[in-house]
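Chemist: Dock chains B, C and D against the given chain A, drawing on the hints supplied.
Chains as they are written, first to last, in the numbering used here: chain A, 255 to 580; chain B, 255 to 580; chain C, 255 to 580; chain D, 255 to 580.
Note that these hints are calculated values from the structure, not bench results.
Owing to the predicted nature of the structure, the values given are computational and were not obtained by experimental measurement.
Among these hints, one or two may not hold up.
Copies of the same chain look alike in the list, so a pair counts if it fits in one copy or across any two.
To be verified - Quick list of in silico lysine-lysine cross-link-like pairs, DSBU-like style, CA-CA up to 30 Å:
#1 Lys579 <-> Lys558
#2 Lys558 <-> Lys389
#3 Lys393 <-> Lys551
#4 Lys393 <-> Lys579
#5 Lys551 <-> Lys389
#6 Lys551 <-> Lys579
#7 Lys558 <-> Lys393
#8 Lys579 <-> Lys389
Protein chains: 4
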Amino acid sequence: MQSTIRSSDLAHLAHVELLTPTPDESLRFFADVFGMTETGRHGESVYLRGWDDYEHHTLKLTASRIAGMGHFAYRASSPEALERRVRVIEASGFGERWTDGDLGHGRAYAFTTPDGHHMEIYYETEWYQPPPELKPALKNQAQRFPARGANVRRLDHMNLLTSDVAALRRFMEDVVGLRTTEMIVLDSRQEAGGWVTCNNKSYDLAFTLDHYGAMGRFHHVTYAVDSREDVLRAADIFLEAGVHIETGPHKHAIQQTFFLYVYEPGGNRVEVANAGARLVLAPDWQPIVWTEAERRKGQAWGLKTIESFHTHGTPPIDQYEGPRKK
Amino acid sequence: MQSTIRSSDLAHLAHVELLTPTPDESLRFFADVFGMTETGRHGESVYLRGWDDYEHHTLKLTASRIAGMGHFAYRASSPEALERRVRVIEASGFGERWTDGDLGHGRAYAFTTPDGHHMEIYYETEWYQPPPELKPALKNQAQRFPARGANVRRLDHMNLLTSDVAALRRFMEDVVGLRTTEMIVLDSRQEAGGWVTCNNKSYDLAFTLDHYGAMGRFHHVTYAVDSREDVLRAADIFLEAGVHIETGPHKHAIQQTFFLYVYEPGGNRVEVANAGARLVLAPDWQPIVWTEAERRKGQAWGLKTIESFHTHGTPPIDQYEGPRKK
Amino acid sequence: MQSTIRSSDLAHLAHVELLTPTPDESLRFFADVFGMTETGRHGESVYLRGWDDYEHHTLKLTASRIAGMGHFAYRASSPEALERRVRVIEASGFGERWTDGDLGHGRAYAFTTPDGHHMEIYYETEWYQPPPELKPALKNQAQRFPARGANVRRLDHMNLLTSDVAALRRFMEDVVGLRTTEMIVLDSRQEAGGWVTCNNKSYDLAFTLDHYGAMGRFHHVTYAVDSREDVLRAADIFLEAGVHIETGPHKHAIQQTFFLYVYEPGGNRVEVANAGARLVLAPDWQPIVWTEAERRKGQAWGLKTIESFHTHGTPPIDQYEGPRKK
Amino acid sequence: MQSTIRSSDLAHLAHVELLTPTPDESLRFFADVFGMTETGRHGESVYLRGWDDYEHHTLKLTASRIAGMGHFAYRASSPEALERRVRVIEASGFGERWTDGDLGHGRAYAFTTPDGHHMEIYYETEWYQPPPELKPALKNQAQRFPARGANVRRLDHMNLLTSDVAALRRFMEDVVGLRTTEMIVLDSRQEAGGWVTCNNKSYDLAFTLDHYGAMGRFHHVTYAVDSREDVLRAADIFLEAGVHIETGPHKHAIQQTFFLYVYEPGGNRVEVANAGARLVLAPDWQPIVWTEAERRKGQAWGLKTIESFHTHGTPPIDQYEGPRKK
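For reference, chain A alone in the conformation it holds in the complex (with noise of 0.2 Å):
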């Protein structure tokens, strides 16, 4: 674990792209009930955005035999820093190739992490321009506020399952360049979750143990709301809707984050949270480690750890096909 900032190479996470089985109804779900912006459509899927996200799009949606996540992309600080972070990880043997972007953003490279999930990074995109019914009032913000199902304003972060938390864990700082924020290890030292973040915001990024073994597997894609209240009220707004509600809203005491998990129709979980006041400002923060004992209290105000938050993900495990580290 480094023990100072060194400035990111990447500005942030950019983009994800889930896989599912009823595209349709997942479309309606991300339109209508998260209340995101459709911007472009390509072969089997469709490009989305919250109101405040600057980019094209942070959501693909593509239409897929089997639920889980294609892949997820950072935007790289500059040009040169795609360049320098590019050499790095071609060094560490898990590059693979660049690729000629896709719709809203450019030439991007393409590499897996330790336990197989697909990343990608780019630093060329295209900013969005908002057609005229979509223009915002003030200017300094990308889109009119919807005041549609719960108005998501912009991607917040991803959260993976790993078969290896240590590795990933070491992956994402010394090879991705991202640093690490909190971190859970067992009392058999074993490390059963990390959060790592390439700015200011407490973390963009998180893995746990995945509990069968398997590998690659994707646990939950965040957007942010403005506030407690706003969670609170995509409750509510699930709820009507008939959209699976896991747990929540309740207080995480990792990270603090003020969150709400369901499912979207393609069986992918997905966040609601609140983008709050947390930030990481010190460039010496030390990662908290919070140990099994800590663990045990549950959420920050008592809620336990619903069981299915250890189990699902996507692909479900029984549709899982890959390899199984236990």
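Modeler: Coordinates of chains B, C and D only, in the frame set by chain A:
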């Protein structure tokens, strides 16, 4: 104006020293009404911090004949960044000297802005260690939530008055190494306001034109609370405490801050604002330029800007003894 | 002023009819921006309700040459209470006639205030039955939460302009059977405003002096939302929709309502307010009397009352054709 | 169940007496953590109120060997209503006697429920007069906002455990004169819970089945705060103060209350809830009947009801010395 972010040598706005002719009343205001925690006293100064401020103090309250701002400081990103930045400042001709530091932080480099405001930068700091009765329940938090007064969370930003906005903006960009996210440019092409930052907060420093042409005056310092509801509650609390509310709560068009301005007993303007969800994550964010016509619309929801917002600063103009640019 | 509560013959403010010269735009405003649900059309009128209103409608929107308020109605507490109250009204000389009722409610007794506002009272009503797509998840709720626009919850209160506040107050107390909870009395002893109620809401009807001396004009109608945060969000939504925001959000000193006033496209003033926690439960509540000096302090947190708040009403004064008392 | 509202002889729930084996700790909890104001002491009792409670006290805290509820009281709507209601109670056979009153209120009539809970009704009361340092800025408010702890606003409702829900409901309807707004009826036709009110609050008293068959036990008393955000903040404050959080914050399906249950140091369950926007204004509101299947869904957003919610009451069952009905 730079078009892509450079890795900042500075990590964040660190503290501000307020001068007050009524030190006892000011202390009671910040401790009881603002809800801050006192962490030390030295000479004519008392040191305080918000419950989520990680350093020894973010506010130094110093008894003085006339109200005003003594100095303000940024913390550097690393020891190397500190040295690097000091070299740039020295080269600019605005450098002053190394100091031995203060309660809570190590040696600092002092300099002035072209307008005469006193600034410092430093790296070595003392992380706040709460006494037993202030130990938080969650170990990722600096201190127990006080549940007293407005419960301000952390230092958010500073606002300076200046006789020359453009000159101060260029100094902050080129010498201090901040980047501009929003600005006001009048029809005459004169700049009337600038908002700059060294991190993902959309600003941590602002400056606006001094209508009296005075130099080096102070406009306000802002502490963040967690929600717009907390700002509204703070208004109730200020009302009950007999604190002068200048304007707000309302939402600024610029930066979309949900604001509330009051005068502390010493006469300095202080603000409570929603720390909120707004971040600048894009590395190639282009400054938003507001025109005179746009500013005439008032604040976001139409509130007219109160006259005193353009005239009241500290030292008050009738006690100001420096030069004037008009 | 009565000093102890009498059992009220009236249960609650039930609906208001707004006259609009721009019926299509007004309908779009109430349906899409306010978030109300249309429940019927008849002749030149469209009927709407908030998601928690239990009756067929609380707003009747009627096309008209000039903006204004057609009539407003209270629902009686029982059939007997209705008859009892009608007898009092008839005895007062202000009674008019029994009507056959309207969409959604049975026969009603029509009368006028001394200032000429049209009122009705009735008992028989049609409880709203939501169609399948609007059925709520929780059976103790009238309708599914719309998740659209400002999501106004229910009709809250009405405000009338009057040429004679004291006369209207006495009429509301003695003839209509409401009780006064707050009032403004000028240094001249002239009453300038009154707030009355028939239930535990601290007011469901208010009236203030018409500065033009006109008779029977309308000031505003208010719909309640759940929280102050919802009022703030409504302000964002009005801003985006190009709706004229007259004043607010801010907190009234009188009644402590957290208010936001806008003009619907037809020109009528409408308010969104926090339904809030304030109730008058005491049976011997004594009216709060505000003096001229107290009113000069502005609203709760110091906002000066905007001039148009005293002059704008509907019909607009330049289209008003009735008598004037000064 | 009556189908139309009768004018209630009772105005509102007025106060509750809690018995505590740890009087000092309980007082510190209610004063410092709940944020209540002490208004008097007499014998083994301390009297407290929330900042918007208009009477001398709403909580009487009495030192006792075993935790529990001493008595609770309603204030009548008028002197005549008091006499009228007393006659009904006396006729029921559950009447006890007139008492001389207590600190803050005049003579009261004492009686018991069929389950043995002690109740009183009275009319004469002492309106709270704040000392200078607690005088509010707005004269329509009982007391200055304390800005301390959870800042509970006012007594909201009581919840009793009972060995016979149906019998208690009928008693509350027919003898006490409350009306039922919601209830739980099991598949066996046994009633398992009831919610009743004497005014526009959707309930001010509730009772649920005692799983031990004990008689006259106490479930909880609830104080209202202004917003859901205030309930969340209260959870933070309880966490910091080491108070046992039993369950919540979450939203009940029944009555839609946003709840948070904790145990005060003496062992009594107390709740902080959102005073909220929900009122029953309809005079012909029909009781909502919840089925066993509906209750199995848990709370509004799916939280399972915690086991202790059905078993913990005061006196604790292992200290309970009365009869059992099963």
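Chemist: Evaluate each hint against the coordinates.
Modeler: Now for the hints, and whether the structure bears them out:
Only within a single protomer do lysine 579 and lysine 558 lie at most 30 Å apart by alpha-carbon distance; the minimum there is 27 Å, versus 34 Å between protomers. Taking the shortest Cα distances, lysine 558 and lysine 389 sit within 30 Å of each other only across copies (24 Å), while inside one copy they are farther apart (43 Å). Taking the shortest alpha-carbon separations for lysine 393 and lysine 551, only the inter-copy value of 13 Å comes in at or below 30 Å, while the best intra-copy value is 45 Å. In the homo-oligomer, the alpha carbons of lysine 393 and lysine 579 never lie at most 30 Å apart, since the shortest distance is 51 Å inside one protomer and 32 Å across protomers.
Within a single copy, lysine 551 and lysine 389 get their C-alpha atoms only as close as 47 Å, which misses the 30 Å cut-off; across copies the closest is 18 Å, which meets it. Only within a single protomer do lysine 551 and lysine 579 lie at most 30 Å apart by alpha-carbon distance; the minimum there is 28 Å, versus 37 Å between protomers. Taking the shortest Cα distances, lysine 558 and lysine 393 sit within 30 Å of each other only across copies (19 Å), while inside one copy they are farther apart (44 Å). Proximity of lysine 579 to lysine 389 under the C-alpha cut-off of 30 Å is found in neither arrangement, the shortest distances being 50 Å within a copy and 40 Å between copies.
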